Amino acid sequence: MVAPTTTCISAKDLTLHFGTTCALRSLSLDIRKNEIFTIIGPANSGKSSFLQALNRLNDLQVGYREEGTIELDGVNIRSIDIEQLRARVGIVFALPFPLPMSIYDNITYGPRMHGLRNRARLDDIVERSLSESFLWDEVKDRLHAPAMNLSGGQQQRLCIARILAVEPEVILFDEPTSGLDPISTARVEETMRILRSRYTIVLVTNNVAQAARVGDRTAFFLMGELIELDGTSVIFTTPSDRRTDDYVTGKFG
Amino acid sequence: MNVRTEQKLAFSVLFLCTVLVVLPVLVILGIIVVKGGSALNWGFLTAMPRAGMTAGGIMPAILGTLYLVMGAVLFAVPLGVLSAIYLVEYSREGRISRLIKLAIVNLAGVPSVVYGLFGLGVFVVFLGMGASILSGSLTLGIMILPVIITASREALESVPRSFRVVSLSLGASRWQTIRYAVLPHAIPGILTGTILGLGRAAGETAPILFTVAAFYLPKLPQSMFDQTMALPYHLYVISTQVPGVPENIRFGTALVLLLLVLTLNLAAILLRYRFRKRKRW
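If you read the protein sequences in the order shown, they are chains A and B.
In this text, residue positions in the first sequence follow this note's numbering: the first is 1, and each later residue adds one.
In this text, residue positions in the second sequence follow this note's numbering: the first is 1001, and each later residue adds one.
It should be emphasised that the hints constitute simulated quantities derived from the structure, not laboratory data.
Among the clues, some could well be false.
[What the hints assert, rightly or not] To give an idea of the interface, some chain B residues facing chain A are shown, with a C-beta separation under 7 angstroms as derived from the structure: (1) G1030; (2) S1169; (3) S1173; (4) Q1176; (5) I1178; (6) V1182.
All figures in this text were calculated on a predicted structure; none of them were measured in a lab.
Beta carbons: idealized from backbone N, C-alpha and C, even for Gly.
Generate the whole structure from the sequences, applying the supplied hints.
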């Protein structure tokens, strides 16, 4: 096991533009291995843009420009093959987007795209990933049913399992519970806590309480700038910046 | 005039207009069925024409039209679908892609006789294919290309963006994303467009007039380099160029052509309906 203080992702002087809007301004921060790194901040603070820069999903947007560097394990992500990068840095979106195919095919989609054809190994992957996302018991008897038939919370755990199936190093969560009820939310949070031992997790959330519950360290973004970054308990009890204090205590946002 | 009578009057006018639209279709169908129905039998569909086309069947024309339609589809579907994929999935929005899209829209508006002349100039004369099934198929193929490209583009664009993002985010390449996450869901739309194109290719006369259609051939074409008879042109010939063709043969031929095209369109509608019901996202 890698020591918990090793740097996993390192952003240096990162500036992101979408067309003429600047989403993030000269941001530098390090994300450590096996921590849950949470990012909080009001809408348009650049947190999702930062997240989607980490696996280059921003590149899909027309007019996107990026300055500065992002390193994954000390290697500039621009010099990593893009398919490999996205397999190493998985993402769970705000809305669960199951592909219109069976549960089984959703889970095996990633591995199959990376060339795995062996049925027995695919079966193993399905059981392992669904177990890790605590969905196995609920769906093990209907693996070949359409994934669209699952409930919202189940779909989101399916999306987590789908990421786990490609065995990433980092999992990005982009407001993963914004569309879920409290019980499903609690399950997803529990899943994150357990996954933390083997994956590095970056969580963007609109729900300040959620950051307080699951985060190891928390960053506060405002208007495209990093205002404060510290241990989660520090951010929530004794933040050094006034704006952070106002935000976490609910004075604005 | 009070509000109520005004409303009644408006509705009556609207209803009348609708009836006027439907009426010609029904009248055409009715006349053709009444006058040509009696010619329709197995022999008519499977026999060669006899006695200077005034008796016998229309088998060579049916067969010729089927050959031409198949040839057009074999040429136009791969080309159309692949270019639609390029336009939707790969090309960046810009001046060139807008120009291409404009060209495709315009291509759809070109009169069919112009396609015929184009086929004559390019395939028959310049490329030396002569008047042949090959030339005719290629000409028809180019004519239905815009239909297929437009339908394929719409089908591809209606596949939610999230499918692409999810697939890419799992580390699939762009081609894999198109192949496994997008194309399977666009196939119904593409198929519908193809069948509509097919129906159009089967019914057109002008594009085959200079490129393939024969006035009369005593035997069936042996290869794609031969000329062939075809239903729309045959209909024109026996209706205007050959004296003394019995009325029921003329209208019977029209009926066969009509049924062929209607069946194709109906198949497209049914297909679209079935896939729409199954679609869930």
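Would you check whether S1169(B) satisfies its interface hint, that is, whether its CB is within less than 7 angstroms of any CB in chain A? 5 angstroms, holds
Any CB of chain A closer than 7 angstroms to the CB of Q1176(B)? Holds: closest Cβ of chain A sits about 5 angstroms from Q1176(B), inside 7 angstroms.
Please verify that hint: V1182(B), Cβ, nearest Cβ of chain A, below 7 angstroms or not. Hint on V1182(B): violated, closest Cβ of chain A at ~10 angstroms, above 7 angstroms.
Under 7 angstroms is the threshold here; is the Cβ of G1030(B) close enough to any Cβ of chain A for the hint to stand? 45 angstroms, violated
With 7 angstroms as the cut and Cβ atoms as the points, is S1173(B) at the interface with chain A? Check passed: Cβ of S1173(B) comes within 5 angstroms of chain A, closer than 7 angstroms.
Chain A contact restraint on I1178(B) - CB to CB distance below 7 angstroms: 12 angstroms, violated
The structure fails to meet hints 1, 5, 6 from the earlier list, while all remaining hints are met.
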